[in-house]
Every structure is written in structure tokens, then in C-alpha cells.
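**Q** The lines below spell out each chain.
Number of protein chains: 2
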Amino acid sequence: MKKLAVAGSLAFDAIETPMGKTDKIIGGASPYIALAASYFKVDAGIISVVGGDFPDEYFDILHSKNVNTDGVIVEKKGKTMFWAGKYNKDMNQRTTLTTELNVFANFNPEVPQRYQDADVLMLGNITPSIQKAIIEKMSRRPKLIIMDTMNYWMNNTPDELDETISMVDVLTINDEEARQLSGEFVLPTAAKKILDRGLRYLIIKKGDNGALLFSKDGKMFFAPALPLENVCDPTGAGDSFAGGFSGYIAAKGKTDFETVKSAVVAGSIMGSFCCERFGTENLQLLTDEMVKKRAKEFEELTKFRF
Amino acid sequence: MKKLAVAGSLAFDAIETPMGKTDKIIGGASPYIALAASYFKVDAGIISVVGGDFPDEYFDILHSKNVNTDGVIVEKKGKTMFWAGKYNKDMNQRTTLTTELNVFANFNPEVPQRYQDADVLMLGNITPSIQKAIIEKMSRRPKLIIMDTMNYWMNNTPDELDETISMVDVLTINDEEARQLSGEFVLPTAAKKILDRGLRYLIIKKGDNGALLFSKDGKMFFAPALPLENVCDPTGAGDSFAGGFSGYIAAKGKTDFETVKSAVVAGSIMGSFCCERFGTENLQLLTDEMVKKRAKEFEELTKFRF
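Here the protein sequences line up with chains G and Y, keeping their order.
Using the numbering used here, the first residue of the first sequence is number 1, and each one after it goes up by one.
Using the numbering used here, the first residue of the second sequence is number 1, and each one after it goes up by one.
Hints in this document: simulated from the structure, not taken from any laboratory.
Model, not experiment: these values are computed from the prediction.
Be aware that one or more of the hints could be misleading.
In the DSBU-like style, the derived pairs of lysine-lysine whose C-alpha atoms are separated by at most 30 Å in a straight line are [stated by the list, open to error]:
(1) Y:K2 - Y:K86
(2) Y:K193 - G:K206
(3) Y:K219 - G:K192
(4) Y:K65 - G:K219
(5) G:K296 - Y:K65
(6) Y:K21 - G:K192
(7) Y:K292 - Y:K252
(8) G:K296 - Y:K86
(9) Y:K292 - Y:K65
(10) Y:K296 - G:K254
(11) Y:K193 - G:K192
(12) Y:K292 - G:K216
(13) Y:K193 - G:K216
(14) Y:K77 - G:K303
(15) G:K303 - Y:K86
(16) Y:K303 - G:K252
(17) G:K41 - Y:K252
(18) Y:K89 - G:K303
(19) Y:K89 - G:K192
(20) Y:K21 - G:K303
(21) Y:K21 - Y:K132
(22) G:K206 - Y:K132
(23) Y:K21 - Y:K77
One side only, chain G facing chain Y, incomplete, derived with CB under 7 Å [said to hold, decoys possible]:
(24) G85
(25) N88
(26) D90
(27) Q93
(28) F185
(29) P188
(30) N209
(31) F222
(32) P227
(33) E229
(34) C232
(35) T259
(36) K261
(37) L301
(38) F306
Every residue gets a Cβ at the ideal spot worked out from N, C-alpha and C, and that includes glycine.
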């Protein structure tokens with residue numbers, strides 16, 4: 001089985017949307033990434049840190065989907081990261097109510113031996129210097145290193161960000177971030193500039209307007225987002241995208257453009273499922289039938305004969 | 001040859017974008033619609049009004065593409081409508097500098113006999129009561145009546161708008177307008193509500209994020225916009241979309257979902273060409289080779305195997 005190392009936060013989330021409200025549930029980026037990836041039958045292992053308050057049942061959720069947690073440091077005396085957020089009526093904006101980094105503030109990652117030779121490394125959106133440290137702890141360079149990041153690091157740690165970007169193969173950011181990082185408004189032009197940093201692929205996420213994939217040799221692909229009637233909770237949609245994307249590539253063991261295109265669709269599928277229930281709930285319930293049906297919907301959405 | 005009646009403004013435009021500036025050129029909605037439609041070898045006729053100052057050379061531009069202007073009233077003593085606009089650096093916003101309606105202010109449309117039995121009627125974005133008057137002047141109901149409109153009419157003449165919508169088959173609006181018209185934020189839900197007014201199809205245009213097509217029997221299609229590197233002037237892109245859409249349908253003589261899907265792509269193709277040069281220039285230069293190449297690009301943009 002192909003190995004996927006997943007670095008990212010592991011936290012308690014409390015979410016309020018017009019559709020309801022959760023107590024503290026399993027959250028952070030890494031459960032979304034790893035659960036979405038696990039659908040593709042890869043050996044996914046999380047690299048993260050939690051406090052002594054992180055419940056066994058949450059580990060059980062991950063283990064039940066064959067997600068490995070050997071790389072999750074448990075700081076017995078510390079508290080797990082906590083995030084609370086509330087969405088507006090249309091769920092197109094959210095307000096962060098609380099962010100308590102807790103043990104995540106001093107996260108010093110360890111990569112278990114089992115994942116030091118992972119086929120694919122998926123770096124969730126965390127401090128670029130930690131992403132870099134994880135890359136350096138691999139015993140063998142993965143076939144593909146994917147890095148998610150955001151404007152916060154562009155504003156606050158641009159040098160570390162640039163250095164880490166220069167070490168990876170795929171970068172995933174949103175359209176505004178692509179414009180900020182490149183200083184170019186037109187996305188294909190922005191993409192070229194960013195790819196010139198040594199990336200093989202760039203993914204520009206446009207939320208419910210889909211995602212664009214650019215390759216360093218000038219190819220382009222667009223995956224729409226499926227217009228959903230019932231959005232329950234958008235939290236983790238981007239991380240689910242990253243999970244579907246990285247899981248699909250790890251499972252296929254290939255990194256050519258055709259495979260990466262399909263991986264973008266795999267990511268979009270996982271993102272769409274994520275939104276339909278609170279937290280990681282829908283990712284825990286996925287069946288082959290559900291995924292095949294949705295893949296067909298994505299295909300039908302854009303298929304035409306001219 | 002199938003007949004397409006095109007109602008819309010015919011004007012002088014003066015456009016300024018970061019790529020350059022035009023003097024007064026042929027503008028208004030109807031030349032974009034008719035020129036884009038004419039590519040599909042339909043007998044397109046414009047229903048509009050100009051003043052005595054409208055130059056013969058502009059009629060020649062239309063006639064050279066076999067666009068009929070028998071339905072263009074020439075008010076010898078009046079002045080042609082004039083619009084001037086300026087785009088910001090990123091061309092995602094524009095400021096209207098001047099709108100002089102002139103003869104268009106009292107437009108009393110005439111439908112020449114030749115187009116009273118048109119196969120398709122494309123109503124560009126003008127006063128709903130004029131759109132209605134044109135429908136009533138047809139001797140035979142067209143196979144398909146397409147209506148473009150905008151938030152201005154939702155705010156200012158909602159009753160006339162509602163009445164005209166109830167008489168047409170296809171409505172084209174943007175995403176914010178769909179939300180305003182339905183009172184629903186989620187687009188598939190908004191679409192259902194709007195389709196319930198008796199439409200067969202609804203097209204929700206999302207600018208450079210593509211266009212969604214919804215049918216009254218619950219089908220959905222998405223056509224992306226092609227990410228363009230060289231946008232010269234976005235003026236008329238929506239009208240070119242309407243022209244490609246209506247021209248394609250008129251030429252095919254069919255209104256089933258598969259045909260209408262392809263027509264949305266035809267519209268997107270025409271919109272993409274429109275943006276690459278000033279005014280209607282690129283629409284005047286279209287060759288089969290250009291269109292086939294672009295259609296292929298659209299197909300490649302979203303094709304995948306999962």
C-alpha cells in the first residue's frame with residue numbers, strides 16, 4: 001500500500017452555521033486531509049501534536065479508517081489546540097471566535113520511520129518553517145510534495161515561505177493569494193510566475209467557483225465545484241480537497257498531468273462531501289457508491305459535444 | 001437558413017482600458033449579439049434604432065457578416081445612443097463615464113415581416129416593456145425566446161419585468177441578480193424558484209467564473225470561462241455570450257438540453273473572443289479555424305477520467 005504522510009493541525013473545533021451548532025468535535029486540518037485520503041486506500045499517517053485532553057474516541061475515528069497516528073505527539077500535560085468559528089447566513093463568510101494554539105504553539109514535528117519514505121507528503125497549512133522541518137526529516141525525497149499555505153504566511157513569514165515553496169512540487173492557494181504572491185492579477189500570468197519558483201504544479205482554489213490546475217509546461221485544467229443545494233458546514237472543505245488530491249495521487253503512484261487532473265477532481269469530490277455534514281462526519285461515512293455517483297455528477301456537469 | 005431576431009441597443013461606444021483607448025466605435029448590445037450569432041450561419045436581423053449620425057460604414061460592418069438591419073429604424077434628425085466607459089487596472093470593474101440614450105429613449109420597435117416568424121428571438125438587455133412589445137409583434141411564437149436582463153429592471157420596473165419573464169423560455173442573469181430575483185442565496189435553490197415562473201432554462205452567468213445552466217426538469221450544466229492571458233476589453237462579453245448562445249440554437253433548430261448545453265459553450269467561446277480585442281473587432285475576424293481551436297481548448301479545460 002502506498003504511503004502518504006500528512007502534516008497539519010489536530011484540534012478541537014466548535015462550529016456554528018445557520019444549519020446548527022456543534023460541541024467540541026474533532027478538527028484541525030489533518031483529520032480532514034487524512035480521512036479524505038483514506039478513501040483511496042492509502043496508508044495515511046498524521047504528523048501533528050495534541051494534548052493529554054485529546055480523547056481516545058477521536059483516535060478511534062482515525063484508526064477506524066486506517067489512518068495511522070504514530071506521528072501524533074501527545075503532550076500529556078498540555079492542552080489540544082482549539083478553534084471556534086461561526087458562519088454568516090449565506091455561509092460565504094465566517095468569523096473566528098477563538099483560536100487557542102496550546103500545544104501547537106511549540107510543535108516540533110517528528111516523522112515516524114514508517115513515513116520517512118512516504119510516497120507522497122501532504123503539508124497542510126501550518127508555519128512554513130515547520131513544513132520545511134518535516135521535509136528535512138524525510139529519509140527519502142517523496143515522489144511528490146504538496147504544500148498548502150495562505151496569505152497569513154505571505155504577510156508574516158515571507159522568507160520562510162519562499163524557502164519552503166522552493167522545496168516542494170505542488171502549491172495550493174486561492175486566487176487572491178496567487179495574485180498576492182505573484183503581483184499579477186491575471187491568473188494564467190500569475191500561475192506562470194509562481195510556477196517559475198520551481199514548482200511542477202500550481203492549484204488555484206476558487207472556493208465554490210472551482211479550482212484551476214496549471215503545470216510548469218503550460219497545461220491548464222479546470223475542475224468546477226459542484227453546486228450544492230444543502231451546505232451544512234464548509235469547515236474543512238479545503239483540507240478535504242487536499243486530502244482527496246494527495247490520496248488519489250499516492251494511490252495511483254503517478255504524477256503526470258492526466259493523473260494530477262483526476263486528482264483535482266478527487267479533491268473537489270471530497271470537498272463537496274465535506275460541506276454536506278458537520279465537521280468530518282461525511283468523510284467518515286463515505287461509500288464507494290456515494291463517491292462513484294458524485295464522480296459521475298462532476299463528469300456530467302461539464303460534459304458537452306460542440 | 002434559420003432566422004434569428006435580435007433586439008438590443010445599437011450605439012456609439014468609447015472605451016478605455018489599461019490596454020488602450022478607442023474613439024467612438026460601433027457598440028451597444030445588438031452588434032455583439034448579431035455578429036457572434038452570425039458565425040453560426042443564421043439569418044440574424046437586428047431590431048433597434050439609431051440617429052442620422054450613424055455611419056454607413058457601421059451598417060457595412062454588419063452587412064458584411066450577413067447581419068440584416070431592416071429592423072433598425074433610422075431617425076434622421078436624432079442622435080444615436082452614446083456610451084463611454086473606463087475600466088480599472090485589473091479590468092474587473094468599470095465606470096460609466098457617459099450614457100446618452102438619445103433616440104433610444106423613445107424606441108418604439110418595429111419587427112420587419114422577414115423576422116416576424118423568426119425561429120429564435122434574442123431579447124438583449126433593454127426595458128422589459130420594449131422586450132414585451134417585440135414578443136407581441138411576432139406573427140408566430142418563436143421556438144425559443146431568450147431574454148437578457150439586469151438588476152436595474154428588478155429595482156425600477158419589477159412588474160413589467162415579471163410580466164415579460166412570464167412570456168419567455170430562457171432567462172440570462174448573473175449570480176447576484178439570480179439571488180435578488182429569487183431571494184435565495186444558494187444558486188440551485190434560486191434557480192428552481194426562478195424556473196418556476198414558467199421558464200424552460202435559466203442561465204446564471206458568473207463572469208470569469210463561467211456560467212451555469214439549469215433546466216426546469218432539474219438538470220444542471222456548467223461551462224467554465226477560459227482563463228485568458230490577454231484581456232484587452234471586456235465590453236460586450238455578455239452580449240457576445242448571448243449571441244453565440246442564441247445563434248447556435250437557431251442554427252441547430254433544436255432546444256433540447258444537450259443542444260442548449262452546447263449553446264452555452266458556444267456563448268462562452270464568443271465571450272472569450274470578444275475580450276481579446278477592442279469592441280466587436282475580434283467578432284468580425286472570426287474564422288472556422290479560430291473557433292474550432294477554441295472549442296477544443298474549452299473541451300480540454302474540463303475533460304478528465306476519474
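**Q** Verify the proposed pairing of K303 (chain Y) with K252 (chain G), using a straight-line Cα cut of 30 Å.
**A** OK: K303 (chain Y) and K252 (chain G) at ~19 Å, within 30 Å.
**Q** Holds or violated: K193 (chain Y) and K216 (chain G), Cα atoms, limit 30 Å.
**A** With Cα atoms ~44 Å apart, K193 (chain Y) and K216 (chain G) exceed 30 Å; violated.
**Q** Does C232 (chain G) meet its interface restraint, that is, does its C-beta lie within less than 7 Å of any C-beta in chain Y?
**A** Status violated, d = 12 Å.
**Q** Within 30 Å, alpha carbon to alpha carbon, are K303 (chain G) and K86 (chain Y)?
**A** Violated, because 37 Å separates the two Cα atoms, which is more than 30 Å.
**Q** Can you confirm whether the C-alpha distance between K292 (chain Y) and K216 (chain G) stays at or below 30 Å?
**A** Status holds; Cα separation ~25 Å.
**Q** Holds or violated: K21 (chain Y) with K132 (chain Y), Cα cutoff 30 Å?
**A** The hint is violated at about 36 Å.
**Q** Is the interface hint satisfied for D90 (chain G)? The criterion is a beta-carbon contact with chain Y at less than 7 Å.
**A** 4 Å, holds
**Q** Does the nearest C-beta of chain Y fall within a distance shorter than 7 Å of the C-beta of N88 (chain G)?
**A** Check failed: Cβ of N88 (chain G) comes no nearer than 10 Å to chain Y, outside 7 Å.
**Q** Is K296 (chain G) within 30 Å of K86 (chain Y), Cα to Cα?
**A** It is violated: about 43 Å lies between the C-alpha atoms, which goes past 30 Å.
**Q** Would you mind confirming whether the straight-line C-alpha gap from K206 (chain G) to K132 (chain Y) stays at or under 30 Å?
**A** 38 Å, violated
**Q** The hint names K261 (chain G) as touching chain Y; please verify it with the least Cβ-Cβ distance against 7 Å.
**A** 5 Å, holds
**Q** Keeping to a limit of 30 Å between CA atoms, is the pair of K77 (chain Y) and K303 (chain G) held or broken?
**A** Violated - the C-alpha atoms of K303 (chain G) and K77 (chain Y) are around 51 Å apart, more than 30 Å.
Checked against the numbered hints listed earlier, the structure breaks hints 1, 3, 4, 5, 8, 11, 13, 14, 15, 17, 18, 20, 21, 22, 24, 25, 27, 34 and 35; every other hint is satisfied.
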